[in-house]
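The hints should help you fit chains B, C and D onto chain A, whose structure is shown.
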Amino acid sequence: MIDLFTIVMTAAGLIFFAAGTLGLIRFPDTHSRLHALTKADNLGLGLIALGLAVQVPGPADLFKLILIWALAILAAGATAQLVARIAAPAGLGDDEKAQDGGSDGQERRRP
Amino acid sequence: MIASIFDLTLCLVILAAAGAATLGRDAFMAVVFYIVYGILIAMAWLRLGAIDVALAEAAIGAGLTGVLLLAALARVARKAGKEPASAASVPATTIATALAALVITIGIAYAFLTLPEPQGLQGHVAENLAASGAENPVTAVLLNFRGWDTLLESIVLLAALLGIWTLAQDEAWGGRAGLRHVTRPGSVLAQFGRILPPIGLLVGVYLVWAGSKQPGGAFQGGTVLAAVWIVTIMAGLMQAPRVADRALRAALVIGPVIFLALAVAGIFAGAFLVLPPAHAGWLILAVEAVLTLSIAATLAMLVFGPPEPEEKR
Amino acid sequence: MSSWYLLVATGLLLTIAGALWRVWRGPEQADRMMAAQLVGTGGVGVILLLAAMSGDWAMLDVALVLALLAALAAIAFVKSTRGEGEGDPEDDTPEDRASEDGAPR
Amino acid sequence: MTASALALALILTAPLFGALAAMLMGRRGPAIALATIIATAAGTLILLVIIATEGAVHLAIGGWEAPLGIQLRADGLAGGFIATTALVMGAILAVAAKPFAGGKTERRSAYTFWPLALLLWGALNAIFLSGDLFNLYVGLELLTLVAVALVGIEGKRETLAAALRYMMFALMGSLLYLLGAALLYAAHGTLDIALLAERVGSAPGDIVAAAAITGGLAAKTALFPFHAWLPPAHSGAPAPASAMLSGLVPKASFYILLRFWFEAAPDLAGSGVLMLLGGLGAFAMVYGSLLALHQDRLKLIIAYSTVAQLGYLFFIFPLAGGESAAQPWAAGAWSGAIFHALSHAMAKASMFLCAGLIIEAIGHDRLPGMKGIVRALPMTVFAFALAAITLMGLPPSGGFTAKYLMMTASFAAGQPFWALMLILAGLLAAAYLYRPLALAFALPDEDAPAPKAVSRARQFAPLALALAAILLGILSAAPFAFIQIGRPGAAVEGLE
Chain A
1 MIDLFTIVMT AAGLIFFAAG TLGLIRFPDT HSRLHALTKA DNLGLGLIAL
51 GLAVQVPGPA DLFKLILIWA LAILAAGATA QLVARIAAPA GLGDDEKAQD
101 GGSDGQERRR P
Chain B
1 MIASIFDLTL CLVILAAAGA ATLGRDAFMA VVFYIVYGIL IAMAWLRLGA
51 IDVALAEAAI GAGLTGVLLL AALARVARKA GKEPASAASV PATTIATALA
101 ALVITIGIAY AFLTLPEPQG LQGHVAENLA ASGAENPVTA VLLNFRGWDT
151 LLESIVLLAA LLGIWTLAQD EAWGGRAGLR HVTRPGSVLA QFGRILPPIG
201 LLVGVYLVWA GSKQPGGAFQ GGTVLAAVWI VTIMAGLMQA PRVADRALRA
251 ALVIGPVIFL ALAVAGIFAG AFLVLPPAHA GWLILAVEAV LTLSIAATLA
301 MLVFGPPEPE EKR
Chain C
1 MSSWYLLVAT GLLLTIAGAL WRVWRGPEQA DRMMAAQLVG TGGVGVILLL
51 AAMSGDWAML DVALVLALLA ALAAIAFVKS TRGEGEGDPE DDTPEDRASE
101 DGAPR
Chain D
1 MTASALALAL ILTAPLFGAL AAMLMGRRGP AIALATIIAT AAGTLILLVI
51 IATEGAVHLA IGGWEAPLGI QLRADGLAGG FIATTALVMG AILAVAAKPF
101 AGGKTERRSA YTFWPLALLL WGALNAIFLS GDLFNLYVGL ELLTLVAVAL
151 VGIEGKRETL AAALRYMMFA LMGSLLYLLG AALLYAAHGT LDIALLAERV
201 GSAPGDIVAA AAITGGLAAK TALFPFHAWL PPAHSGAPAP ASAMLSGLVP
251 KASFYILLRF WFEAAPDLAG SGVLMLLGGL GAFAMVYGSL LALHQDRLKL
301 IIAYSTVAQL GYLFFIFPLA GGESAAQPWA AGAWSGAIFH ALSHAMAKAS
351 MFLCAGLIIE AIGHDRLPGM KGIVRALPMT VFAFALAAIT LMGLPPSGGF
401 TAKYLMMTAS FAAGQPFWAL MLILAGLLAA AYLYRPLALA FALPDEDAPA
451 PKAVSRARQF APLALALAAI LLGILSAAPF AFIQIGRPGA AVEGLE
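Residue numbers (the numbering used here), protein chains in the order written: chain A, 1 to 111; chain B, 1 to 313; chain C, 1 to 105; chain D, 1 to 496.
Chain A extracted, bound-state conformation:
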């Protein structure tokens, strides 16, 4: 029964990961890729962690599992926002940026 729960949850987690990756590959522009990704991979990792939570031997490992998931959400959420800000001005001149390897906000550099 416990194993069945784990199987279902990890399988669901994998599906979310797969969906996230699909979005990352298929979506046309940086921002939509970002959205697809952050939602999918955190949910995916959460489901996998949930599935494994019933397998851990002790409370310490359970705590670690929760901490790992919390950290992943925190990191992904914050970085997605930050990266989105970086990508934002770049949207204005995608072609030019793509040529020299990406945006780096040089126009705002002070002397």
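Just so you know, these hints were derived from the structure itself, not from any lab.
On a predicted model such as this, the values are computed, not experimentally measured, just so you know.
The C-beta atom is built at its ideal place from N, Cα and C for all residues, glycine as well.
There could be a bad hint or two in this list.
[Said to hold, decoys possible] DEER-style ranges, computed between Cβ atoms:
#1 D:65 - B:279: 15 to 23 Å
#2 D:3 - B:115: 27 to 35 Å
#3 D:103 - B:247: 18 to 26 Å
#4 B:101 - A:3: 20 to 28 Å
#5 D:101 - B:171: 44 to 52 Å
#6 B:201 - A:8: 48 to 56 Å
#7 A:28 - B:3: 36 to 44 Å
Frame of chain A, contents of chains B, C and D only:
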């Protein structure tokens, strides 16, 4: 069966990441592939049962080195005024290097396949583990059986930092390491800089403390603590220390100094770096604690880089 | 059960391979960085599964470190895109920048 | 507490303690260096006496015997290198005390120089005493990083480029060496040189490992064709750093090569390998000498001379290695090459220090500007001339003894080619060192600016080193016997 499929897939992905990091034209892309490569290699170490190495790889390879390379890239771009050009390919040199790498790879692969049954020192380590003061065999090797290597390695880190400091401009000497970071209070970055450090501190200390019984130790814990410090400074909550700061310099050298002092004290027991079995346990923990401090300070200073001139801030 | 874990882990590896493609393709630096984040999260997932498969739960520490440091590279990336490395990416209006310039240091 | 443990602890830790203290107390570098010199010299003297009276010293670090722990070994070879290093470092640090003095406010180059220099010393001592392949790797790693940093310590653009190139070569070398050591460990379950000697056979793994280790170390020793990094790196660094880099640093990787081929894997040393090493050395000798002839800057001449002089160190492999090891001439060839390594360390360090003082006096090191410099710097030019005598191999210098021993061995071994190369090496050295010397003694140009004064005390240090290189030749009997202590194969011949 499924295990072989997993391992094979992992190997292919690793090779793809390594190849892309090497062959990619874009320096930024190469750095990203390097970070990814570190994550994948950590998994490979886990498959080989080397959790300690996986921890170090996750912390240093995937974590800190990536930050270091990104910072270096930004620095080059800043100095050159543009995105660093990818290394101009000199056909002759490239071909010669590739050929040499190929020959070496074939040689190593051939030698590896003809190796006899591996006969490591696990038996010897296990026999002497009780007298080493550590329950984790890796810690026993690092801090006791081959403590001299570890002591020298901790000094190698300092040498690297000195090397980076030699790159400072003369007029900037004594100032704060790296750039000044500013964030708006209440921004995502600033909040992130408040939430992460307590957790990181906990994890770092836990890794050091756990190191004598299970995978972990000064290098891994120190790396996590360095990362915490870096995040705090990048989030603008703290300033990087001045390179002339006494407290900073004390933190940098205290680990190696205490370890060296312990090594010299060993001559009263007839050799060098002798840890008496009765006291080895707490001695190792104490050395690990100070080493963690020094490693964390050194790694963070390596990432911050040399001090920058004041007027450019 | 351990076969199942490895099966899911293999699946995760394939999603990682997909992310690698995006790292290669770009075109924005942000794309590459986000794809690397996915590799990081996927890597954490793989490590959790490896821990469950081997029953060696000390491996969780590796996942913990990876999750903790995952954000570091992204922050460094964001920071490095600012001209002088300083500043907050949220200050992206020129007025913000100007007022910050005038502020006493 | 035994005297040998105390001596080894002093030699290993004093430079490291000094480096850490210098890192902590930025402006006290010269004073800390002085304390380090005293402590290390004391340890070295104790160790020399112990080796001379009781034979080679062995110490298991932490009390852990091989294969578990790291073994320290101090035989005559180690003692010779440690003593020479102490002498050379002492002189270099004495000269460096002025340009890198503390001053009122801390300066970047003055701050970083002292910990780097002392770490370099510590790394050398760690290497010379180690009997463990991985521990040697750690020592090499420390040495490499420190040496690279010292090349770039003046922060000039072109020296940074030289430093980076040096680092690429050196790191490739380290990596190859590490691969070799890993292969040997995988095959034999030990990294201890003495244990490896019993276990290494001629399995494919052993051969690949030996090739990787040799290739890696050869790159670090700047053996042809891996020499390209050396001249810009050694000539670009400030003079005290150049003296360490040229006189001492390549000796460490050469020393490990000796330990590897003579102790860890003597049975693997087929004549092909030994001839190849000697042949590359001969090539390096000719090539380095010819390029030295073409340079117009004093430091570049000295740097190319290092390529040449390091080259004929490698004659030790065909003359004393493999099947020759058990022959009567091996002792002479062995001691000859070691004499060459030690006297070159002293003479080359002396020369670079002289070049540094000349640069201080006239502001540059271009040859024409050196005309008549002997009037301003008589002691320096005299020291340079003495060092040149050693490098040319003229009697009664240490370089002469070295060449004499190696040539005798070469004829005894029926391989006169090496003797011919040694004669050629001396002639070429005379040719490329003649130009700066002749200019130094020439009449100065009338319109030449007057050189700045350099204090006599500082000119004394290179003179002392050059004199020591000469003394090594005059008093060669005792060092000859000392270097033989613990030499592999010595017992077979009944030499001792």
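Looking back at the numbered hints, which does the structure fail to meet, lowest number first? 2, 4, 5, 6
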